[in-house]
Amino acid sequence: MMLRILTADWIKIRRTWVIWLTLLGPVCTVLVQVLNYGVRMDYLLPQGWNGLMFWVQALLFFTLMLGSAILAAMSSAHEHDARAWKQTFALPVSRFQFFAGKFIWLVICLAVAVTLTIAGVGLFGMIIGLPDPVPWKQLTQLILYPYLALFPFLALQLWLSMIIKNQALPVAIGIAGTVFAPFSSSQAHQHLHWLIWSYPYNASPLSEVYQEPEQWVWMGAAVGLLFLIAGAIHFSRKEVQ
Numbered sequence: 001m002m003l004r005i006l007t008a009d010w011i012k013i014r015r016t017w018v019i020w021l022t023l024l025g026p027v028c029t030v031l032v033q034v035l036n037y038g039v040r041m042d043y044l045l046p047q048g049w050n051g052l053m054f055w056v057q058a059l060l061f062f063t064l065m066l067g068s069a070i071l072a073a074m075s076s077a078h079e080h081d082a083r084a085w086k087q088t089f090a091l092p093v094s095r096f097q098f099f100a101g102k103f104i105w106l107v108i109c110l111a112v113a114v115t116l117t118i119a120g121v122g123l124f125g126m127i128i129g130l131p132d133p134v135p136w137k138q139l140t141q142l143i144l145y146p147y148l149a150l151f152p153f154l155a156l157q158l159w160l161s162m163i164i165k166n167q168a169l170p171v172a173i174g175i176a177g178t179v180f181a182p183f184s185s186s187q188a189h190q191h192l193h194w195l196i197w198s199y200p201y202n203a204s205p206l207s208e209v210y211q212e213p214e215q216w217v218w219m220g221a222a223v224g225l226l227f228l229i230a231g232a233i234h235f236s237r238k239e240v241q
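Each residue of the sequence shown is one higher than the one before, starting from 1 at the first, in my numbering.
Hints should not be assumed to be uniformly reliable.
[Said to hold, decoys possible] The following label-pair restraints were derived from C-beta to C-beta distances:
id, residue 1, residue 2, range
1, G48, L169, 38 to 48 Å
2, R14, Q47, 35 to 45 Å
3, L123, A176, 27 to 37 Å
4, G38, F183, 43 to 53 Å
Derived by calculation from the structure, the hints in this document are not laboratory data. This structure is a prediction, so every number in the text was calculated from the model and none was measured. The C-beta atom is built at its ideal place from N, Cα and C for all residues, glycine as well.
Work the whole structure out from these sequences, hints included.
This is the structure:
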């Protein structure tokens, strides 16, 4: 049954800008570094891979969080715009499964973006002549860990997008969370590190606060599952027009 739900959602996704937005994140991340190194090559090149990963991380959190908010809104915009909820719920599919299917597609889209970003950054580093070998493990952890820790934020954004008709509001909340995240995750505000907007920053291998960022990856997976279940249950009980 879940495969049928994912297939039906894929048909809808192909008619939207979701695919292009998924590709836009990695492209912009690499292009920003092309401009960055093009302007300051003599200064940045001696910093090696550590320097490149630092600058990638500077843009990574913003791209992941803002992209998640927009993707979540776009994934449910079709049903809201066409007022197709009644037709959707007439199918032999539970609302819980429908919600979970949306979340799975968001996870897949972001996983594709993350994979392309890792490959693109590694290739860019080789092209500009950074020393071999490419630190694929560190580069993968740098990008993958914040992505996995992002799941609670992603589930929350989908939850809001599914129950609120005007998608400008969930996106605005996502933008506010993206702006708030650097503040809540800073070393000076460790009492705010348990807020879900802080998780991607806490999970970074370059974090100045945590020596074992893996704990935030597991925290993101666990809390993300709780938000997914809570959102699906709420969506199942709410009257959606």
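Is it true that R14 and Q47 lie within 35 to 45 Å of each other by Cβ?
41 Å, holds
Beta-carbon spacing of G38 to F183 - inside the hinted bounds 43 to 53 Å or not:
Given about 31 Å between the Cβ atoms, the range is violated.
Supplied distance hint 27 to 37 Å, evaluated on CB atoms of L123 and A176:
Roughly 34 Å apart at Cβ, these two residues keep to the hinted range, so it holds.
How does the Cβ-Cβ distance of G48 and L169 compare with 38 to 48 Å: does it lie in that range?
44 Å, holds
Checked against the numbered hints above, the structure violates only hint 4.
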